[in-house]
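Here is what each chain is made of, one letter per residue.
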Amino acid sequence: MMDVKFGLVSPQEKVDEKIKMFERASITGELTLNPPSIERIFLAIDSHIEASEISETAIQITVALAMRFKAEVYIACIAPSPEELSISERLTNKSVKLLESLKVSVIGGCSIGRPSEHILELSEQFNPSLIVMPIPYGERSETFDIESLGSTVDLIIRKSPYPILFVRKLKFNPKDITKNILVILDKLEHLRGAEFALTLAEKGSTIKLLSITEKEKVETAKVLAQTIINSKIGSGVLENAHKLEIQPLISVMVDEGKTRGVNIERTYRLGNRVKLILNELKHKHTIIVSSTSLGRDNILDSEVENLVRFSKIPVLIVKS
Amino acid sequence: MFIAVFILTYILILSDKINRTLAAIIGALGIVAVGLVFNVFSYETALGFIEFEVLLILIGTFIVTAAAEASNIFEFAAIKFLKISKGEPIRLFVLFSLLIVLLSTILSNLVAMVIVASLTMVACKNLDLDPKPFIFSEAIFANVGGLMTLISSVPNILVSLVAGITFLEFLIFSIPLSIVIMVVTFQVLIRLFKLRKPLSTSQKADLQSKVEAFDEWSVVTDKKTFNRSLVIMTITFILLALSDFFGIGLGFIAIIGGVMMLLVSHVDVEKILQGIDWSVIFFVASLLILVGGLTEGGVLQSFSEPLIQLANTNFLVVLISVLWIVGLMSSVIVDIPLTAAFIPIVQSITLSLGSGSFLLWWAIIFGVGLGANFTPIGSSSTIIALGVLRKQQKVSFQQFSKVGIIICSIQLFVGSLYLIGLYFLFPA
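Chains C and D, in that order, give the protein sequences. For the record, in the first sequence the residue sitting at position 8 is -9 according to my numbering, with numbers rising by one throughout. So my numbering is basically just the index in the second sequence, starting at one, shifted up by 1.
Hints were generated in silico from the structure; no laboratory data involved. Beta carbons: idealized from backbone N, C-alpha and C, even for Gly. Take these hints with a grain of salt, some might be off.
Footprint (simulated), chain C over chain D, 3 or more residues, beta carbon under 8 Å [as the list claims (entries may be wrong)]:
1. 86 to 98
2. 213 to 220
3. 383 to 393
Generate coordinates for the entire structure from the input sequences, incorporating the hints supplied.
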């Protein structure tokens, strides 16, 4: 077909971009961790919850992270109707002033429209290292996006390629959010989440790696092995196979943790994923990190969406 | 005067002193000015030189493929091909070469090469293979892909619309040659690069496990957009193939495909429209004016008179000569202006000799498509391929030329045999 240019990007840069994409698509050979840097933070506030305490918490977390990583901040309040615009403007101005007083580079803005659409559009323009979004507990979002048949949060989880930190009301100081990190790590595709956890962890922080083998999957595999290849495989063999699969990743995390002065704890569980994760959340974790491959989750009620919905602590979703 | 403007414009385009599109626009303005001053044609006639159908096809297919590219369909397909190869060198070699043929049929050679060469580098690193044979082969096969369909390259579109070749006719004439060329090229390249099958079962298992670690879904950012883009792209290509039956112009179908893609795939419309290579559109439009003016001025008729006489006595010699001359020239001259220059010459011969001489159009198409591999500068995709390879190892243009000259000569030889076969099937 015709000779296509790549806009402002040269073909060589495009090649580098594609090589990175394909490298991410394969996790083979020697595992090396590449924790990302946090250069730009996008605080996206859906005005339905902006007046609440949760938005204040999100701002405090953004301030703490921006100062620690010397990141630029972009604040956007999205009001679904013109009536709600004034509240958005007030909150944005207040946040911008606070960040400016702390000498953090910040841009703020308000807009009217469908929150999911605006947040996705703005994030594409800003290309953030992290999106911070306040949400209330137990609800996907107050705003239901009729046209796209999904809540704002669900749509953003599904469509945004950027890491998103969903924030809710905290029982601890927002500055301590990275003190006790729980990372769900039960397949190699979760590598990106683990890397992001390393970025967030400070010296002395704890990262707990939670690996779960689903009991139902083990049982199904046993039945399949028996019916298809007429071979009896014990549950232990299948569990061990799973442990072996993730062992290289856990080892490399432990090594990296030692180098960075971060405590790495490992927990291996067998059972129902949702129950085990919720049970784990009863411990004193300050943030939970989960990875998801965008575009492949079930449309309804994926694990990640449920985690965001029911977790009482902030949830960081990283796209693998 | 017409000849002077034409030659000056081509010198400007080929010398790269100023932007080639700007050079073509200046040339088009010059030729129109000459035509108007000497009362050779009117302004309205000059506007008619622009084949808007060509521009519509270019814009429409660009939108379809750019939107599909945004959903990473092609990257997904590339990883699928890698997995099907099971990591075995010869299978990988053949499949990646077929992949680049397939992608360059739909995309520009440049974009196809960026995708396939990037994955080749990553895959070869993981499989501990030397990427050179793979990249060289891809550079060669990218140009073969440009032969496959009417919309696979700008020269194909230009020639087909002037010659009245339909989408389906194009496939019927080009696919058999493309298949023969691919088979022959594979045989030569595999022997040239001494590729071998893996020795043991454990080696095979090791290679397979390495390619299985690639996750094709990880490159898909939105499954819904991915599925929609795939459906629209398929529909557009089916409609293009069936355009004859519907009696609808290819440009119209291409634009419908583009609009459907923008409507359904939820891509950023502004971004896709801004990304259209308007430079190519203006370049093609300007060349059409330039060549139209030249033809209207009667210059090319007198120039092609000796060729017409020769074709009258020995058509086969002219046919094969056009293939080789265009082929050799396309290794040093950009394909679009080269095609644009040959179109009026062949047009005057076919007008004089009648419809039986239609094979000359195919000589241009095959010549432009197959000749680009003689030198690394013959096509942008080869330059990119060597650039990618140079990141990892030293590779000179001469190294590629050695392979390129052998393959290109064989391909042009096969093309000649094919044209001779067609000549006896459809005698002039």
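Outcome of the hint check:
no. : hint       : verdict
1   : 86 to 98   : violated (count 0)
2   : 213 to 220 : holds (count 7)
3   : 383 to 393 : holds (count 3)
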